[in-house]
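Protein chains: 2
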Amino acid sequence: MIRPSHFLLLSLLVMGTMCLPGASKAGVRSGNGRSEWAVPVSPGGPFSRVYLPQNAPVGDDSGFGAKSWLQMNQSPDHNASIDVLPNAPEWFRRGVFWRFAEARAWPLERGKSYGTAVYGETEAGAVQTQFYGNALGVSVAGGVVFAESDDMFAYALNARTGQLIWRTSPVGNHLMGNPLVAGRSVYLAAGGVGFNFSNVISFARTGSAVRGMDVSYNGIFALDRKTGRLLWSFKSVGEAMPTPAIHGDVLYFATGSGTVHALDRMTGRQLWKRRLGGNDNMSSPAYQKGRLYVAMAAPPRLYCLEAKSGRVLWKGTIPGAANTGMGDVSPAVGEGVVVMDTVTRPKVRHGQTTLRPVIRAFDAVTGRPIWTASTDRGAAPPAFKGGVPLIMKGVAYVGSPVTGAYVALDLHTGRRLWTWKRISAGRSAPTFHDGDLYIAGGDSLYRLNPRTGHETGRLKVGGRMGLVSPTIVGGTAYLANSWDWIVAVPLANVAPEHGILSTSGPAGMTESSLSPNRSFHKAVHNP
Amino acid sequence: MIRPSHFLLLSLLVMGTMCLPGASKAGVRSGNGRSEWAVPVSPGGPFSRVYLPQNAPVGDDSGFGAKSWLQMNQSPDHNASIDVLPNAPEWFRRGVFWRFAEARAWPLERGKSYGTAVYGETEAGAVQTQFYGNALGVSVAGGVVFAESDDMFAYALNARTGQLIWRTSPVGNHLMGNPLVAGRSVYLAAGGVGFNFSNVISFARTGSAVRGMDVSYNGIFALDRKTGRLLWSFKSVGEAMPTPAIHGDVLYFATGSGTVHALDRMTGRQLWKRRLGGNDNMSSPAYQKGRLYVAMAAPPRLYCLEAKSGRVLWKGTIPGAANTGMGDVSPAVGEGVVVMDTVTRPKVRHGQTTLRPVIRAFDAVTGRPIWTASTDRGAAPPAFKGGVPLIMKGVAYVGSPVTGAYVALDLHTGRRLWTWKRISAGRSAPTFHDGDLYIAGGDSLYRLNPRTGHETGRLKVGGRMGLVSPTIVGGTAYLANSWDWIVAVPLANVAPEHGILSTSGPAGMTESSLSPNRSFHKAVHNP
Chain A
546 MIRPSHFLLL SLLVMGTMCL PGASKAGVRS GNGRSEWAVP VSPGGPFSRV YLPQNAPVGD
606 DSGFGAKSWL QMNQSPDHNA SIDVLPNAPE WFRRGVFWRF AEARAWPLER GKSYGTAVYG
666 ETEAGAVQTQ FYGNALGVSV AGGVVFAESD DMFAYALNAR TGQLIWRTSP VGNHLMGNPL
726 VAGRSVYLAA GGVGFNFSNV ISFARTGSAV RGMDVSYNGI FALDRKTGRL LWSFKSVGEA
786 MPTPAIHGDV LYFATGSGTV HALDRMTGRQ LWKRRLGGND NMSSPAYQKG RLYVAMAAPP
846 RLYCLEAKSG RVLWKGTIPG AANTGMGDVS PAVGEGVVVM DTVTRPKVRH GQTTLRPVIR
906 AFDAVTGRPI WTASTDRGAA PPAFKGGVPL IMKGVAYVGS PVTGAYVALD LHTGRRLWTW
966 KRISAGRSAP TFHDGDLYIA GGDSLYRLNP RTGHETGRLK VGGRMGLVSP TIVGGTAYLA
1026 NSWDWIVAVP LANVAPEHGI LSTSGPAGMT ESSLSPNRSF HKAVHNP
Chain B
546 MIRPSHFLLL SLLVMGTMCL PGASKAGVRS GNGRSEWAVP VSPGGPFSRV YLPQNAPVGD
606 DSGFGAKSWL QMNQSPDHNA SIDVLPNAPE WFRRGVFWRF AEARAWPLER GKSYGTAVYG
666 ETEAGAVQTQ FYGNALGVSV AGGVVFAESD DMFAYALNAR TGQLIWRTSP VGNHLMGNPL
726 VAGRSVYLAA GGVGFNFSNV ISFARTGSAV RGMDVSYNGI FALDRKTGRL LWSFKSVGEA
786 MPTPAIHGDV LYFATGSGTV HALDRMTGRQ LWKRRLGGND NMSSPAYQKG RLYVAMAAPP
846 RLYCLEAKSG RVLWKGTIPG AANTGMGDVS PAVGEGVVVM DTVTRPKVRH GQTTLRPVIR
906 AFDAVTGRPI WTASTDRGAA PPAFKGGVPL IMKGVAYVGS PVTGAYVALD LHTGRRLWTW
966 KRISAGRSAP TFHDGDLYIA GGDSLYRLNP RTGHETGRLK VGGRMGLVSP TIVGGTAYLA
1026 NSWDWIVAVP LANVAPEHGI LSTSGPAGMT ESSLSPNRSF HKAVHNP
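Going line by line, the protein sequences match chains A and B. Quick note: to get the numbering used here, add 545 to the position in the first sequence (first position is 1). Quick note: to get the numbering used here, add 545 to the position in the second sequence (first position is 1).
Just so you know, these hints were derived from the structure itself, not from any lab. For each residue, glycine too, the CB sits at the ideal point set by N, CA and C. Among the hints, erroneous ones may be present.
[Unchecked claim] In silico DSBU-like cross-links for lysine-lysine, where the CA-CA straight-line distance does not exceed 35 angstroms:
| # | chain 1 | residue 1 | chain 2 | residue 2 |
| --- | --- | --- | --- | --- |
| 1 | A | Lys860 | A | Lys1005 |
| 2 | A | Lys892 | A | Lys771 |
| 3 | A | Lys892 | B | Lys818 |
| 4 | A | Lys771 | B | Lys966 |
| 5 | A | Lys1005 | A | Lys771 |
| 6 | B | Lys892 | B | Lys771 |
| 7 | A | Lys853 | A | Lys892 |
| 8 | B | Lys853 | B | Lys657 |
| 9 | A | Lys657 | A | Lys892 |
| 10 | B | Lys966 | A | Lys657 |
| 11 | A | Lys657 | B | Lys612 |
| 12 | A | Lys818 | B | Lys818 |
| 13 | B | Lys612 | B | Lys1005 |
| 14 | A | Lys818 | B | Lys771 |
[Claimed, not checked] Among the chain B residues that face chain A by a calculated CB cut under 7 angstroms, a handful are:
| # | residue |
| --- | --- |
| 15 | Asn577 |
| 16 | Phe742 |
| 17 | Val745 |
| 18 | Lys966 |
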C-alpha cells in the first residue's frame, strides 16, 4: 500500500523523468517554444523515442556518399542522385536489398490500398498517402537513411542493413517531407492537409484560409542526428508540409498561411518571416545562389525571394492556374531557369472535372517567362495536382497526375522531346543517375533512356509511390511509399523483365533485414 | 548473408504474420470492410496491440458496477453514475487513487497546455484536446475502465489498479468518444475535426461540406472486450467523432456527412442509413424508448428518428443557432423531455465575436418546444460551442463555454434555479451521484449541492478537462483529460479545502499505479 503523501512525492519524481523524451536535460535550447523543454510523450509509451546505437553504421559505411541533405530531393534541380567513390565498400557500388516496415505498414503483397473495398482505390490510396505512409522519398547522408512518415514518426536506418537506429515522434502531426540533414542535426517539418471549421468559414467569406491552423501543432522540429533527441522546435500557425531548405546556417520553410520563415538552424531563432499570402501545400522552397524560390496556391504565384532578407525579388504565375495545383509543386531551379507547373482551367465534362496541365519556365534571375507548354486535358486527380520537375543537362523532365505521362522538354525552348506514358499518375521528379533516368510510380521503379524516353527496365517493389523520387546512392535506390515502408533495391535489379523484388536478382547482394524491428519488437508484449 | 530467393520466401512468411494485429486468424467477421482482414500496423511497431492479461480484474473486482456501457455518459439523460452493492469489495465503496499516462501524456503538474508559449493558452488547449488527449470521459464496465484518446489509441485499464490490460490503435485517426461496451465487444468511433480542401471549396460554393471526408479513415471499429483484438470495422465517409448508441443488437452512429447509420452490432452489417444533412460534430445520439435523438449543424437541427427504421419522426431547431454549436451537443433525454442547447446570433463587439447561449426543451414524443431559455452573451469559444445537458429529477443542468457558468433549470418550465460560475468553460454534463452533483472543469473536480448550486468541495487533479463528465462508480470518480491522462480519485478527496491530489486524503485508499506502463515500458529501449 502506498499512502497519499508518498503518492504525491513519487508522482513528482515520475513527472520529473517525463521531461526526458525529446529534450536534453538542460532543456530545448531555443526555437520559439523556449519555455517548453519537453513534448507530450509518455515514457515507455508507443510514441517514446527508440534509440539503438548498435545499429549505427560502422567504419567506412558512414564515410561515403553525401554528408548532408539540404533541400527536397537534395538539390534545387531536384536530382536525388549521389555518386560514391571507387574506393567505397563494395555494398555501396553493388547495391543492397532490404525492406523496413514503418509504424502503419500495410503488407506490400496486397494488391490494393487499405480501405479500397469501402472507399475505392483512388480515394483510399490518397488517404493512405496523406495519413499513413511516406509522402516523399527519403534522405540519405553519412550511411544513414532518414525518413518522415505520415504515421507521425521519423526514422533513421542503417543504409546498408536497413536496421533501425532511431525512431521518434516529437509532435503528433504528419511528417511529409525529406528530413534535412546538416552538421549534427536533422530537421523535420510537421503539418497535415486539414482545415478546421473556422477556416472553412473564412474561405467561404474571404477566399482565404490558413491550412493546418489549429489542426495539431505545426512547424520545425530539430533533432540530434545521432540519437533522434529533440534539440529545439519552432511552431508555426499554418501547416509545414513542404520540405524546408538549408543554406549555411539558415533554414527556410513555408507554411499553410502563405508565410516563409528563416531560422538560425542551430538555435531555431527566427531571422525573418515574410507573409506572401495564399497557402503553401507541398511546394518546397528551392535555394540557389542567394535566392529562394517557392510557390503558393490561392492565389497561384511563384515567388523569388532574396534569401538574406525575405524581400520579394520577383513573382510570376501560370495563367488559369486552378485549385491547389501551384502550391503543391516545388519549383526546379537549374541552368539559370526555374521550371514550374500546375493544373489549369477546370471544366466539367460528362459530370467529371477535367484540368489541363501547364508547364512554364522562368528566367531564374529576372522572372521573365521563357516558354509555356501544356499537355493533354484529363480527369482531376484526388490530391497533389502537379508533377515535381527535374532539370538536368538542358532538359526539364515533368510528370502529371492528370495525364499519367512524363514529358521531356528542351529547357530553353519548351519543345517536347518525348512522352512516356506507362503509369496512372506522375507526381514525382525523376532521378538522373549514371546516364539513366529513374522514375518511381505506382508499385514500380522504372529506368528510362533520358534521350529517347525508351523504357529499359522495371522493378516491381510493391505498394504505391505517389510523390516519391528514387534516392540513388551508388548502386542502390532507396524508396519509401504510401504503404509505410522504406525499401532499398539494387539498381542492377531494374531489369527488362518484371518481377516482384526480382527473385532472380544479381549475386552480391550483401544484407537483408527481414524483420527490421526485430531488435526491439520482441520486447513488446504480444503484438 | 541471405540470398534473394530466400529473401522472397522469408518475406512472405513475415507478411503472413503481419495480418495478425487487429484481426482474428479467421479474418474480420464482417462490417463493410469485409475483404480487409487486417489493419495497417507493423508487428512489434508502436501501433501494434499490447495485451497484458495478467492485469485483468480478478474475482469480485469484475462483478460489481455496470456490466455494459451503451451510450455517451451511460444513459440518455447523460448521468455517468453507477452505484455498487453493499457486498462489493471495499475498494469499490471507499474509492481508489491512480493515474495512468496515455501515449501523449503531458505532465500534470505543468501549469499550461503544450504549445501555450507559442499559440496562447486558449488555442493550445483546444489543439491539445482535439489532437492529443481525451475529448470525453471514460466508460467503466465489469471492473475495467475503457478510454478513447485523440492520441489514436484506445485503452482498457483495471479499474482498481489502473494497470494496462490492453492498448490498441486499429485506425490512424482520433478517437473522441466513450467506448461502448456490450456483451463481448467494445466499440470505438473514429474521426477528427478537419476538412480537406475539396470540402473547403464545396462549403464556399454550396454552404455544405462533409467533415472528415478523405481525412483519414472514419467509422466504427469493434474490438474483443477482453483482448482489444479487432473483430470488424465499418468505415464511413464523414468523421465519426460522436459516441454511438447501442440498444439491443443495434449500434447507431452519426457522421460528418449528416448521416445516421444503424449496424448489427455483432457483425457490423448495415441495417439502415439516413442522410439528414449538415454535419454531426460531437452530437452523440441518445436512445430512449425506440427513438433516437441526434443534432446536426449547418443547418442546425435536432432530429428524432424511429430507431427501427431511421424514419424522421420530428425535427426541431433553436432560433438563431450559429456555427457548429448545435452539431456539437448531445441532446439529453429524460422524463419525457429533450434538452438541447447551442450558441446563437454572432455579433462582433470590440473586434471579438460574441455569442448568446440558448437552451430549449422539446417534448420527447411530439417535438413540441416546451420552453426556451438564454444566458449571457460572451466571447466565442475556440471549439465545442455548447454544454452537454444532464437531466435529473425534474431539473436540467447545463454549462456553457461562452459564459463559463452552469445553470440549473426547472425541466418543465425553464425557470432558472441557480447559477454556478467558477470555471472558464462549462462543456460537460455534470454527474449526479448519491445526492451530490459533480462537475469536471479546468483542472479540478467540483462537488455542488444540486438544489442550491452551492459548492461543497473541490479536488485539483491537474491537466485540463474540456468535455469530460466524471464517471462515478461507487466511491471513485474516473476522469480523463486533454493532457492524455486517465485518473481515478476517491470522492472522499473532493474536500472543501483545495489541494493537488489531496496530500491529506482519507485513510483507506487501497492502490496506486505510479508508473502505470511499468509492466512493459522497461522493455522499450531508452525512452
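To see whether the hints hold, each was checked on the structure:
1. A:Lys860 <-> A:Lys1005: Violated, because 41 angstroms separates the two Cα atoms, which is more than 35 angstroms.
2. A:Lys892 <-> A:Lys771: Given that 35 angstroms is the threshold and the Cα spacing comes to 51 angstroms, the pair is violated.
3. A:Lys892 <-> B:Lys818: Status holds; Cα separation ~33 angstroms.
4. A:Lys771 <-> B:Lys966: Between Lys771 of chain A and Lys966 of chain B the Cα gap is close to 52 angstroms, so the pair fails against 35 angstroms, i.e. violated.
5. A:Lys1005 <-> A:Lys771: holds (33 angstroms)
6. B:Lys892 <-> B:Lys771: Violated. Lys892 of chain B to Lys771 of chain B sits at ~51 angstroms, over the 35 angstroms cutoff.
7. A:Lys853 <-> A:Lys892: Status violated; Cα separation ~42 angstroms.
8. B:Lys853 <-> B:Lys657: Judged against 35 angstroms, a Cα distance of about 47 angstroms means the pair is violated.
9. A:Lys657 <-> A:Lys892: holds (30 angstroms)
10. B:Lys966 <-> A:Lys657: Not satisfied, since the Cα-Cα distance of roughly 55 angstroms exceeds 35 angstroms.
11. A:Lys657 <-> B:Lys612: violated (40 angstroms)
12. A:Lys818 <-> B:Lys818: It is violated: about 49 angstroms lies between the C-alpha atoms, which goes past 35 angstroms.
13. B:Lys612 <-> B:Lys1005: Holds - the C-alpha atoms of Lys1005 of chain B and Lys612 of chain B are around 30 angstroms apart, at most 35 angstroms.
14. A:Lys818 <-> B:Lys771: Violated, because 53 angstroms separates the two Cα atoms, which is more than 35 angstroms.
15. Asn577: holds (5 angstroms)
16. Phe742: holds (6 angstroms)
17. Val745: Result: holds, 5 angstroms to nearest chain A Cβ.
18. Lys966: violated (26 angstroms)
In this structure, the earlier hints numbered 1, 2, 4, 6, 7, 8, 10, 11, 12, 14, 18 are contradicted, and the remaining ones agree with it.
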